[in-house]
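These protein sequences, in sequence, are chains A and B. Once you know that position 411 of the first sequence is 411 in this note's numbering, the rest is easy, because the numbers rise by one and skip nothing. Once you know that position 129 of the second sequence is 129 in this note's numbering, the rest is easy, because the numbers rise by one and skip nothing.
Just so you know, these hints were derived from the structure itself, not from any lab. Values in this document were obtained by computation on a predicted structure and should not be read as measured data. Note that CB positions come from ideal geometry on N, CA and C, so glycine has one too. Some hints here could point you the wrong way.
[To be verified] Among the chain B residues that face chain A by a calculated CB cut under 10 Å, a handful are:
| id | residue |
| --- | --- |
| 1 | L57 |
| 2 | K58 |
| 3 | I59 |
| 4 | A61 |
| 5 | L64 |
| 6 | V71 |
| 7 | Y72 |
| 8 | T90 |
| 9 | R92 |
| 10 | L95 |
| 11 | I110 |
[To be verified] Here are the computed distance ranges between Cβ atoms for each label pair:
| id | chain 1 | residue 1 | chain 2 | residue 2 | range |
| --- | --- | --- | --- | --- | --- |
| 12 | B | T90 | A | A17 | 49 to 55 Å |
| 13 | A | D268 | B | T90 | 38 to 44 Å |
| 14 | B | K30 | A | S94 | 52 to 58 Å |
| 15 | B | I12 | A | Y271 | 51 to 57 Å |
| 16 | A | E425 | B | Q20 | 40 to 46 Å |
| 17 | B | I39 | A | T65 | 20 to 26 Å |
| 18 | B | E119 | A | Q104 | 48 to 54 Å |
| 19 | B | D109 | A | R392 | 38 to 44 Å |
| 20 | B | D109 | A | N9 | 26 to 32 Å |
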Amino acid sequence: MTMVNITMNGQKISAPAGSNILQAAKQVGIDIPTLCDHPALVSIGACRICVVEVTGQRTLITACTFPITEGMEIQTESPQVVKARKLILDLLFSERNHYCPMCQMSGDCELQNLGYRYGIDHWIYPTYTKGFPVDASRKYFFMDHNRCVLCGRCERACGDLVANHTLGLRNRGASSMIHADANVPFGESTCISCGSCLQVCPTGALCDKRSAYMGRNIQTEHIKSTCNQCSIGCGMEIVTRGGNVLRIESDWDAEINAGLLCKNGRFDPLYEDRTRVTQPMIRIGGKLRPSSWDETLKTIAEKISGTNAKEIGVLTSSNSTNEALYLLGQLFCKELKATNVGLLNSAAPKLFDKPQGSLADIVKSDVILVAGTDPAKDQPVASFFVKHAVDRGAKLILVGGKDNGLAPFATMILADIGKAVEVAERAGSPVVLYGAGITEKGASALKKLQGKAAFVAIEPGVNTRAAVAFGFNNGFKASAAKVLYALLGEQGLESADVLKDVDKKAFVVVQASYVSPITEKADVVLPMAIWSERAGSLTNTEGRVQKVSKAVEPAGEAKSDWEIISLLANKLGKKLATSLDEISARATQELK
Amino acid sequence: MKAKAGNVDIDISKEFTPEQLKKLDEIIAKNKDKAGALIPVLEQAQGVLEFLPMPILKIIASGLNLPLSRVYGVVTFYSFFTMTPRGKHTMRVCLGTACYVRGGKAINDIIKKELKVEEGETTPDRLFTLETVRCVGACGLGPVIFVGENVHGRLKPAKVKDVISQYN
């Protein structure tokens with residue numbers, strides 16, 4: 001890497017060639033203020049707050065857009081610079097409503113912080129002469145245009161990061177405003193509520209409805225974890241205060257999603273309204289009655305011990321951690337020799353023994369073939385990658401119908417997978433995204449692209465890949481089970497259909513987080529911790545093993561998915577690993 | 001900015017002739033894969049259609065494969081573009097410093113009264129659209145108004161009616 005030597009505030013520093021002044025300053029801990037700039041976004045130099053003085057330059061220049069050159073001398077807080085920044089702040093504060101005490105971002109607002117930093121203690125221009133609307137038509141967050149500084153971060157996040165292009169900037173001068181599509185309410189626009197704009201907004205203009213006024217950043221904890229809403233495995237931060245989850249933010253440092261999240265991952269988990277299962281329960285005299293963990297596990301152990309291996313059925317949700325799935329496999333398949341084991345969702349067919357691509361290949365491709373999967377609906381962040389590639393000129397070939405969420409972006413929609421393969425064959429660097437929806441014939445057609453295309457399986461469910469690796473994908477026969485152990489977790493099932501074929505006399509154990517028609521019918525219910533209450537790891541659709549962290553204590557007596565199985569194994573006298581670290585290490589080893 | 005509010009319900013098949021719409025398609029087709037084509041396309045489209053209502057913006061956005069949010073942003077940014085119907089003649093009253101001190105404002109008020117429109121609006125017979133400008137570089141002729149490309153300088157309030165009656 002070529003280095004460039006510069007002097008900043010008298011300090012000699014060297015930074016990689018091609019860096020701008022702001023990046024060079026950041027490296028050595030010199031804090032140049034920014035408003036419109038954001039590390040994840042393209043710099044536009046619009047707000048001018050990052051202006052610095054460069055010897056030999058006629059005017060002050062924006063640090064976020066100006067590249068460094070050999071011998072450059074920079075002053076970041078000279079009197080001239082400070083004067084210019086104060087003027088900009090005076091002008092910003094004079095426009096719209098920046099009456100901080102009423103705003104829930106007070107304390108976390110980048111504009112307010114700059115006001116403090118540069119001693120803006122009064123208004124020198126008349127303020128807030130014109131009211132702007134507040135748009136709260138979106139379910140999860142609102143936009144108060146009165147607090148907007150028109151930095152355009154939200155617009156760039158929407159276009160450059162998410163490739164959704166819903167947001168734009170309209171009109172000019174004092175009438176400028178952020179709009180959706182052609183000025184329709186956000187809630188009626190093409191907005192997909194991924195919340196990326198919300199996360200980059202420097203002020204309180206975009207605000208999360210649920211966590212508003214529930215604590216300033218300094219009062220909260222940010223716990224890095226992995227999203228468990230789909231198989232992509234996005235990095236996220238669980239923001240908590242006093243043992244409660246306030247909101248979910250994306251992790252800018254995450255390798256897969258680099259700061260992106262979708263509605264399903266960012267908001268939906270926090271709007272859960274099902275009733276939790278909070279204590280172990282055993283059916284006595286036809287009714288589920290609360291019991292102790294010890295008693296409950298003993299009851300299950302006795303039942304299992306007295307049952308023939310062939311009559312034991314195990315069914316698991318893909319929402320379980322690697323650790324739980326590993327232990328479940330060890331206990332039931334290896335130790336107890338049960339063979340009737342299954343997964344609640346289907347899995348993408350295994351086309352090859354070795355990985356033939358990764359999610360990162362999507363944005364680099366020139367033709368994307370999507371078959372048997374609807375990522376826009378089920379794995380939105382993967383669909384962002386696809387839309388990105390389309391923005392860059394890639395062709396999207398969709399096998400299926402117009403009801404696919406990616407249809408509006410498709411170059412062609414084909415019913416015949418063979419024809420789609422023919423198109424992909426002519427591409428330079430095609431990528432194939434396939435899901436559980438492809439047929440055997442489709443799978444063999446896709447295989448023709450081996451060596452030519454990158455293949456990315458988009459698994460339905462969450463930890464489907466690990467579940468399949470641990471053997472939970474054999475045709476499960478409900479009717480064969482005399483004892484059924486169902487690791488339901490958080491999975492929502494509309495009805496008890498899964499248990500439809502289960503023998504009426506069968507003994508049904510359900511390990512679940514929420515009350516459902518299935519827990520109502522169970523003989524034993526074990527309360528399970530949800531995503532924010534458990535530690536462990538998940539395997540994403542590419543096979544990447546990533547940690548999930550416990551952010552808050554489990555509700556009531558609920559325990560982590562793996563812990564319950566570990567305790568049950570003890571009761572059955574089976575010596576399985578007991579510490580999380582040991583189980584994780586073994587599970588990861590086996591997944592390789 | 002009232003005049004910029006687009007009429008969403010406009011029926012383009014009634015508002016424009018098939019020839020006009022065909023020309024629009026041709027303009028879009030010619031510029032389809034060109035980078036930076038949006039402003040020239042909007043300019044040419046407005047030349048053909050006279051104004052750019054929302055349904056036309058949607059056609060241009062999908063035709064050029066651009067986000068509607070951006071097309072709308074550009075149209076509302078440049079005062080040259082209009083989303084409401086324009087009159088046959090655009091009347092631009094100069095309110096630059098020189099014209100202003102020489103009675104430009106009085107001229108503007110009389111025109112508004114005569115045409116019964118506000119700034120940025122079009123007369124119901126679609127003959128005139130009234131706009132104000134800040135200096136046209138003809139200060140020596142102030143107060144000045146433009147009707148289309150014709151300049152009317154040294155205008156007296158009493159002469160306004162005569163000027164208006166010259167156009168039909």
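For each hint, the structure was consulted:
no., hint, in the structure
1, L57, "holds (6 Å)"
2, K58, "holds (7 Å)"
3, I59, "violated (12 Å)"
4, A61, "holds (8 Å)"
5, L64, "violated (13 Å)"
6, V71, "holds (8 Å)"
7, Y72, "holds (4 Å)"
8, T90, "violated (19 Å)"
9, R92, "violated (18 Å)"
10, L95, "violated (17 Å)"
11, I110, "violated (28 Å)"
12, T90/B <-> A17/A: 49 to 55 Å, "holds (52 Å)"
13, D268/A <-> T90/B: 38 to 44 Å, "violated (52 Å)"
14, K30/B <-> S94/A: 52 to 58 Å, "violated (46 Å)"
15, I12/B <-> Y271/A: 51 to 57 Å, "violated (41 Å)"
16, E425/A <-> Q20/B: 40 to 46 Å, "holds (43 Å)"
17, I39/B <-> T65/A: 20 to 26 Å, "holds (23 Å)"
18, E119/B <-> Q104/A: 48 to 54 Å, "violated (39 Å)"
19, D109/B <-> R392/A: 38 to 44 Å, "violated (54 Å)"
20, D109/B <-> N9/A: 26 to 32 Å, "violated (57 Å)"
The structure is inconsistent with the numbered hints 3, 5, 8, 9, 10, 11, 13, 14, 15, 18, 19 and 20, although it conforms to all the rest.
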